[in-house]
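S.K.: Got two chains here, each in a separate frame; can you build the complex from them with the hints?
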Amino acid sequence: MARTTKIALGIVGLLLIALPWLINPYVLQIVILTMTYSMLGLAFALSLRVGLPRFDIAAWWGVGAYTTALLMQKANMSFWLTLPIGGLMAMALGWLIFIIAIPRGMMVFLLFGMVTAMAMQQLFGSVDFFGGWGGTGVVPQPTIGSFAFAHKPELYYLGLALLALNLLTYYALYNSKIGRAWNAIGSSLKLASSVGVNVVRYRIANVLIGNFFLAVAGSYFVAYSLVAVPDSFGFQSSIFVMMYAVVGGLFHSLSGPMIGALIVTFIPEYLRVAKEYEPIITAIAMILIIVFLPMGILGLADRFRPWLLWRRRNAAKAGAESAGE
Amino acid sequence: MSLDLFVQLLVNGLMSGGMYALVASGFTLILGVIQVFNFAQGEFYMLGAFITFGVMSTLGLPYPLAILAALAGIALLGVLFHLAVLRRTMIHGFFHTLLVTVAFGTLINQSALLSFGFREGVVSPVFPGTWLMGSIALSPGKVVVIFGAILVMVALYLFMKTKMGTAMLAATENRDVAGLQGINAERIFWVTMGVGSGLCGIAGALIVPVLSASTAMGTNVFTRSMLVVLVGGTGSMSGALLAAFLVGVLESFAFHFVGQFNLLAIFVFVAVLLFFRPGGLLGKPLPIPGQ
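If you're matching them up, the sequences are chains P and R in order. Heads up: the first sequence begins at 1 in this note's numbering, then just goes up one per residue. Heads up: the second sequence begins at 1001 in this note's numbering, then just goes up one per residue.
Here chain R stands alone, though its shape is the one from the complex (with noise of 0.2 Å):
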């Protein structure tokens, strides 16, 4: 394998890993502290990517604004999702919440699917040209894209050390006792679901200058950010960063290998991982209602 082969794919399989970073985190946030199986995170970072896409080739307005727009209108559903149905539902335990989320999930890809079907929305890259380092030749765009990955988790990183996040990390540890210290668990749950379902919009809004926005890219991120999650351990934010970055770059490796068996290939890798080490790579998950 040549060295331009080699940092090509490496490339890919990082950006990629920093959207299953953003996806998966904000996922592994929203089940840890309202302990919701969010099943609709894929759809989010679709949607997201659409709204980047309407926002730069409709209106026309420069990608900056395209990300914000992006931002704002995801995590804005992801609150309004939970004050209107998941709210509700959470009296009625773990498992109402999954399927009403499943049920959400399907309903934004099934709407996407009936006013975009098939096409795909693309918009001219806003990083154009390639670098060359020698022999080898980077694409910008994706470069930008792992770096803005990177920024966006120390962003998430800074937030979890405001008072916000610590009163969110606290009602993960024990809501009632938070609860105790005037933590006030309704606002910490709508703002937990809008953090987490903005994070799904930053990478939607991230990855559209390089692969264009598609209906089906949900359900593919999901599945991936389902994997990272089981290395990472269930409710580990380090442990899903790090699984993230190896599950990309292990998924862009294989898929110059084994072609489209390459979820295959990750899913046994996975198995064999979960035999051996079963709380994930870094160890110790977090408490997870119906153990």
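Chain P with its partners taken away, still in its complex shape (with noise of 0.2 Å):
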């Protein structure tokens, strides 16, 4: 890494530590949602890259926060059991759907995950178990020993922590010997199996990884909505989730649906548009985009970056020649 990225980075990371001084609990609060939705585009990018397209994302968000909410309203259990638990139940259950779509190619994948999403809505809605369309009750708030997580910075510290453990497991796997089979499965999938990858093992193992921390993304909306209702997991959400990784741009399976969340929920905030305008504008915007920005905020980044290094090139080369007279 260069030493500018690690100074960025650094610089970021201390932004970010200090950022419930910053700003009122309000952003603080739109913030925290930025992140949850950061997750999810996350787990977007990362089954694109190996060519899949998901629109189940919903749906697994949604197992992982009727696990927590079910498992600390019933059970009792503690919220920090309920995280892995929430990640396994999504891993398992997207297993056996898996395990029948992805072998038949990304068109029957895309289908099954669209069905499936709007499925397991309709599964928590309509089953009593789950608390019907209502919603399950109020969920207790995550404690340690006596310490509960009831404000924004405590919350916003915790999904903090949960995104960089997720921001960290995909890195370490893009960059390991996983994520380029993945990479060659995405460039091409004919020339990937040629050289003995097993592409529908990949994709799977891929999926579920994105499953898991989709799941994790679910426990944490639960922590801070302390309730969980079947209509925030709809094929809508699904939905929204692929702008974010469109609008942050494509190519960028990081960085990219982070910042693609992070516009696509702030902006309405300040646009200052009626309630009832936000998603035909939001729509329209989209719709822009893709026709005259096809490779998002970061893919416009990109095409300035030559010219950037160009320009500094120069100022070195001057600087160079300065120091020399």
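There may be inaccurate statements among the hints.
[As the list claims (entries may be wrong)] Simulated coverage check for chain P against chain R, where a stretch passes if three residues somewhere in it have a Cβ under 8 Å from a Cβ of chain R:
no., region
1, 98-106
2, 286-297
[As the list claims (entries may be wrong)] Beyond 10 Å from chain R on every Cβ pair, some chain P residues (computed):
no., residue
3, I7
4, I11
5, N24
6, D128
7, Y157
8, N175
9, I178
10, L226
11, V227
12, M242
13, F266
14, A283
15, W310
[What the hints assert, rightly or not] If the Cβ cut is set under 8 Å, some of the chain R residues that face chain P in the computed set are:
no., residue
16, T1089
17, H1096
18, L1114
19, S1115
20, L1230
21, L1264
If you are wondering where the hints come from, they were derived from the structure by calculation, not from laboratory data. All values reported here derive from a predicted model rather than from experimental measurement. For glycine and all other residues, C-beta sits at the position ideal for the given N, C-alpha and C.
M.R.: In structure tokens:
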């Protein structure tokens, strides 16, 4: 990693840690939401690396949320225990579906994902055990000993830790042997399988890892909203997640979804339009971005990077010349 | 189960099956020829229903004119969408076109929600009364919808036999070779988009006198159409037709027995079917991008 990148990351890290003192609680609330959405967007970008667009994001997000909510409410379990249990639950249930869908190719996976998202929402809504369409009742707050995560700053740090864990895991995976196999599958399926990459197995591993972190995001969602309602996990949410990845930039698997989530969540807040026009404006903005900015905001940055490098090199050259005088 | 109930459920199932057949075959056509995953298909259907409602109740025109208006309006919308947006997005690949149709569908859906809310567009039944056959009471409106859907499917079949239809199929098989034969791919694309979305317009127009127009109907039909495409095999038109009626009837009976779990029941059925027959009911599907 270049030194400038390290410094930039350090500054961003410090800013993120100091954030609760810098902004008011309302904005912090939106930041917390953005962090959850970022985790969803990251899972979407993860599966896109192996050429699988996911439409079932909301379903597994919901599985995590409901597992945490029900275990905490009915079994009085600690939040920290439900976090991995929710993840494993989403992996186990997901495995049942992916084992059928993934060998049949991308199109079947896509359609299956769509139907899964809708069926899962219906399941949450219509089974009494899950609490019906009104959602589960109030879920207790996560605690450590006698310390409760009751206020925005604590919840923010919890989210930051989970997001960092998520990012580090994905970063490590992308730079490992598995990540290289994923890249090979993403760039050419036939080529990858011809050199002995087991496409189906690597794809299943990819989406299952995504499932785990989606469920973690779901548990975190319950930790601050303190309730799980079926309508939060509808198919519409899956669509919004895709938008984060596109707006941020499809070729940036780590930074793209986060920047996209930040933009998509914050712009409507500051546009000051009537709430009911918001989805319409977002949809129009999405069409415009895809048509005119197909590589996203970060794609735009990529386009300027050669120019920036050229300028820096020139400046360095000028500096060297002036030093030589 | 009494015979009367059985027939009622069957007719309901066939009726919704007819709608799924129209929407799904339009979807399959667009997917096969332009290689675009048209997410807005369900919303086109909803819009077709509302156009019919508007023409009949606001303008007071007769039903056949309303059907024509829905067909023309939605086909035009599809063509314009292709020319303005899809054509520019296609160069970036399959995923971008998919997302742009998602956004367009959301746009239609939200605009409809804004202007109609949860109100329903109810028109007076075009074929009122009931037919009595012994102990079985049949609603003529539903039967007309079933036959209307079959008629449209026959018309689509005949259209695919014309020069234009054959050119479409040729473009599906191999775009480059089709271009070498002098087939204008650009024209094929917008015609396909017009036909594919026009089918949804007709479907919406057909259903309005029986079920009223509502903003949620698009999503409902689209979900089922996706199941139909899965069962029929992605890219297969005749498979879609067969699967549509199968899914429709299955859903109707499932609704009677398990209530609101019907979607789950069909989902499990589709999963099991795909496990044993990966290519769908009729086997070999067409080549689809990004397999």
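S.K.: Checked against the structure, which of the hints given earlier come out wrong?
M.R.: As far as the earlier hints go, 12, 14, 19 are violated by this structure, in ascending order.
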